[in-house]
Structure formats: structure tokens, C-alpha cells
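Chemist: As a plain string of letters, each chain reads:
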Amino acid sequence: MADEAPIELKDEVADLAPFDPTKKKKKKKVLVQDPADEAVDKVAEKTENLAVGDSLESSFAGMKKKKKKPVETDFLNEEHGDGGEDHDGDRISEDGEGEGIDLSQYPWEGSDRDYSYEELLGRVFNILRENNPELAGDRRRTVMRPPQVLREGTKKTVFVNFMDLCKTMHRQPEHVMTFLLAEMGTSGSLDGQQRLVVKGRFAPKNFEGILRRYVNEYVICNGCKSPDTILSKENRLFFLRCEQCGCARSVAPIKAGFVARVGRRKAGT
Amino acid sequence: MAFVGDLDPFAEANAEDSGAGSKDYVHIRTQQRNGRKSLTTVQGLKKEFSYNKILKDLKKEFCCNGTVVQDPELGQVIQLQGDQRKNVSTFLVQAGIVKKDHIKIHGF
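The listed protein sequences derive, respectively, from chains A and B. In terms of this note's numbering, the first sequence is residues 1 to 269. In terms of this note's numbering, the second sequence is residues 1001 to 1108.
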């Protein structure tokens, strides 16, 4: 469970995509399409079989494909020629309606076999997606932009879009800053243009790793994995309250820990 | 999340008594020095261990120098030259000094 979140985040950051939900959708759809593509002719056979009703034994492995394919085949076939952008867009809309409304597309239609769990589950989700999309499983993911980092002189690093990232996470910049500085074991401050200036040389990758850890610890809700949370301080303890599912948990305060003395020592000590 | 407490309600309190620092975590940090040099600090090992012996083995293992520094708040802290975070954590786990989930690696 806990492992899912960082990986998810990784894709997002690696994508370099600004906040653009349509792009995500497309990517997903393309992935779905691939197996369907190669198996188009197979599907035709399969659907026929189902219509005849000789597949009383429900093979769970195939179920998922069977459920989807009957709908996809027809417009896959017509749209094979013109691939590309609008093709994907069309399919998103057709996908939802086609399966939900046209009931004769269901594999158990016309045969007297029992419905399998997988099929019914798929049906429920299609209806759900059709009526109120935000409740269905594939909620829109928030994309965080990769940190932009400049070098100021040779010994300082400027984190340019620090404020943007704080805003997307809905966190106080001070809180994020203390976390970053504690993790990197350096000192730093916000400059006039609200950029973060950190002492030391750091690559964007380093910031990314720390931010990822920050998100896991102080942003993501443990229950539902949504980043839509609020961090509040209640009598000296930090609490994370989820806006989606309403669950709350306490989070550890940020501690700097031991910081070794680096550099020249003063004559006094 | 909600069931964290029901294993042993006093686990944390006991740990806090015996272990150094809060929650018995061993923190391994890295810090930048001048140029591309860095140093690694190991904080929060149990007080029963002989820090000097651990340090000696660490130094021998990773071929680096190091020292034990006394911190007024955190007790003794091991410092090593270079970024040895991975090495230190694997070493401590293999030697059975700390359990894997009690190690926290900080830094980038």
C-alpha cells in the first residue's frame, strides 16, 4: 500500500507534464488499446461464442477482456486508419456511453449462464463512471511540476518554483522549507521573489526525492491516498485531515537532528 | 492506521526510555561540505553499544575516517567521511545492531 504512492508520483514528475488531465487520459487509453488492437480478430470469434452461449465455464483470466472488447471492436475497426489525437478523444466519450446504455453489449446477453463477479463489477463501474465520474476509481491525479533549480554562485542553490509546488500541495511554504532544510542538513531562506535559496550544491533530482518524501509524510492521506488534505496544528501537534474521506492522523513534527560542524572553526572553541 | 495502537500500547513509551532519542529511530544523515565532499552522521544508536567499537568497524569496512562526537542534546553521534548512508545502513542491519525498519535515512 505504502509503496504505491511514491511510484505514482514518480511517473507524474517524470512526465514533465503541466497540469493537464487530458494528457493523462490519453496515455491511459493508449495503453488499453494495445492489447485490444492485436486481438481484434480474436474478439470477433469470442463474441460469437458468447452469443451462442456455450461458455458456461467462466474463465476468470479472460473476463476482463471479454467485457471490454465487444464495445471497443467496432470503433477500433473504423478508426484504424486515422490514428492520433482526436481518435483518443472520441473513444473516451464513446467508451462510457457505449457500455452503459447499450445493454445488449454485455457478454451474458442472449445466453442463460450466470453473471460472473468480474462482469458485474465492470458493469457497476461503467454506470458509476457515466453518472458521476468523480466517484469512479480513476480520479484525476494531481501533477507536480519538477523542481527548477538554479545555481547562485558556486555554493548556493536556488529553488525557483518552490512557491508553485507549495501551492499545489496546499502547504505552508515555511513548513516545506523547514522540512527541506532539515533533510538536507543545510541552511537557507526565501529570497525577494519567494524563491528558496539553499546553501550547498544540489541537483533537481535531490529536491525531487525530498519532496517525494515530504508528500508521502505530510500530504498524502493514508486512507484514500488523495493529496487533498489539510495540515493543521492543534495544541502543539500537527494533524493531517483528509478532505476526501475525512480521516485524520497525526504527523511527526519536523526535527532537524544532528548537524555537524562544517567549515572553519572559530578560535574561541 | 487506526490499529497501530493495539499491538502494545506502551511500546512507544518503553522504547523512548531505553533508546536514545525519540521512537528509537536511528537517523542516518548526510551533509555537504566544501566541494563535492560530504560527511555522514549516525544518530540515535542504543546507548548500550560501544560507539568506539562500532566506529572502528565502520571505518575499517568503508575505508574512511570517522569520529564520535558528543552532542549536548543528542548524546553521542558517529561521524564518517563521505556519503556512507547506504553502507552504514546495510552494515548496521547485517551486524544486527538495528532492525531495518528502525533506520531512517535522511538527505536527498
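Among the clues, some could well be false.
30 angstroms max Cα-Cα, derived DSSO-like pairs, lysine-lysine [said to hold, decoys possible]:
id: 1; chain 1: A; residue 1: Lys205; chain 2: B; residue 2: Lys1037
id: 2; chain 1: B; residue 1: Lys1099; chain 2: A; residue 2: Lys199
id: 3; chain 1: B; residue 1: Lys1086; chain 2: B; residue 2: Lys1099
id: 4; chain 1: A; residue 1: Lys205; chain 2: B; residue 2: Lys1053
id: 5; chain 1: B; residue 1: Lys1104; chain 2: A; residue 2: Lys225
id: 6; chain 1: B; residue 1: Lys1060; chain 2: A; residue 2: Lys156
id: 7; chain 1: B; residue 1: Lys1037; chain 2: B; residue 2: Lys1060
id: 8; chain 1: A; residue 1: Lys225; chain 2: B; residue 2: Lys1086
id: 9; chain 1: B; residue 1: Lys1100; chain 2: B; residue 2: Lys1046
id: 10; chain 1: B; residue 1: Lys1053; chain 2: A; residue 2: Lys255
id: 11; chain 1: B; residue 1: Lys1059; chain 2: B; residue 2: Lys1086
id: 12; chain 1: A; residue 1: Lys225; chain 2: B; residue 2: Lys1060
id: 13; chain 1: A; residue 1: Lys156; chain 2: B; residue 2: Lys1046
id: 14; chain 1: A; residue 1: Lys156; chain 2: B; residue 2: Lys1099
id: 15; chain 1: B; residue 1: Lys1046; chain 2: B; residue 2: Lys1086
id: 16; chain 1: B; residue 1: Lys1100; chain 2: A; residue 2: Lys255
id: 17; chain 1: B; residue 1: Lys1046; chain 2: A; residue 2: Lys255
id: 18; chain 1: A; residue 1: Lys205; chain 2: B; residue 2: Lys1059
id: 19; chain 1: B; residue 1: Lys1053; chain 2: A; residue 2: Lys199
id: 20; chain 1: B; residue 1: Lys1100; chain 2: B; residue 2: Lys1059
If you are wondering where the hints come from, they were derived from the structure by calculation, not from laboratory data.
Chemist: Take the hints in turn and mark each one as holding or not.
Modeler: Checked hints:
1. A/Lys205 x B/Lys1037: Given that 30 angstroms is the threshold and the Cα spacing comes to 18 angstroms, the pair holds.
2. B/Lys1099 x A/Lys199: 33 angstroms, violated
3. B/Lys1086 x B/Lys1099: 14 angstroms, holds
4. A/Lys205 x B/Lys1053: 36 angstroms, violated
5. B/Lys1104 x A/Lys225: 22 angstroms, holds
6. B/Lys1060 x A/Lys156: 34 angstroms, violated
7. B/Lys1037 x B/Lys1060: With a Cα-Cα distance of about 19 angstroms, the restraint between B/Lys1037 and B/Lys1060 holds, given a limit of 30 angstroms.
8. A/Lys225 x B/Lys1086: The hint holds at about 29 angstroms.
9. B/Lys1100 x B/Lys1046: 14 angstroms, holds
10. B/Lys1053 x A/Lys255: 28 angstroms, holds
11. B/Lys1059 x B/Lys1086: 14 angstroms, holds
12. A/Lys225 x B/Lys1060: 44 angstroms, violated
13. A/Lys156 x B/Lys1046: The hint is violated at about 36 angstroms.
14. A/Lys156 x B/Lys1099: 36 angstroms, violated
15. B/Lys1046 x B/Lys1086: 20 angstroms, holds
16. B/Lys1100 x A/Lys255: With a Cα-Cα distance of about 21 angstroms, the restraint between B/Lys1100 and A/Lys255 holds, given a limit of 30 angstroms.
17. B/Lys1046 x A/Lys255: Within the cut-off at roughly 19 angstroms; holds.
18. A/Lys205 x B/Lys1059: 29 angstroms, holds
19. B/Lys1053 x A/Lys199: Cα-Cα ~34 angstroms, so violated.
20. B/Lys1100 x B/Lys1059: Within the cut-off at roughly 21 angstroms; holds.
Violated hints, listed in ascending order, are 2, 4, 6, 12, 13, 14 and 19; each of the other numbered hints is respected by the structure.
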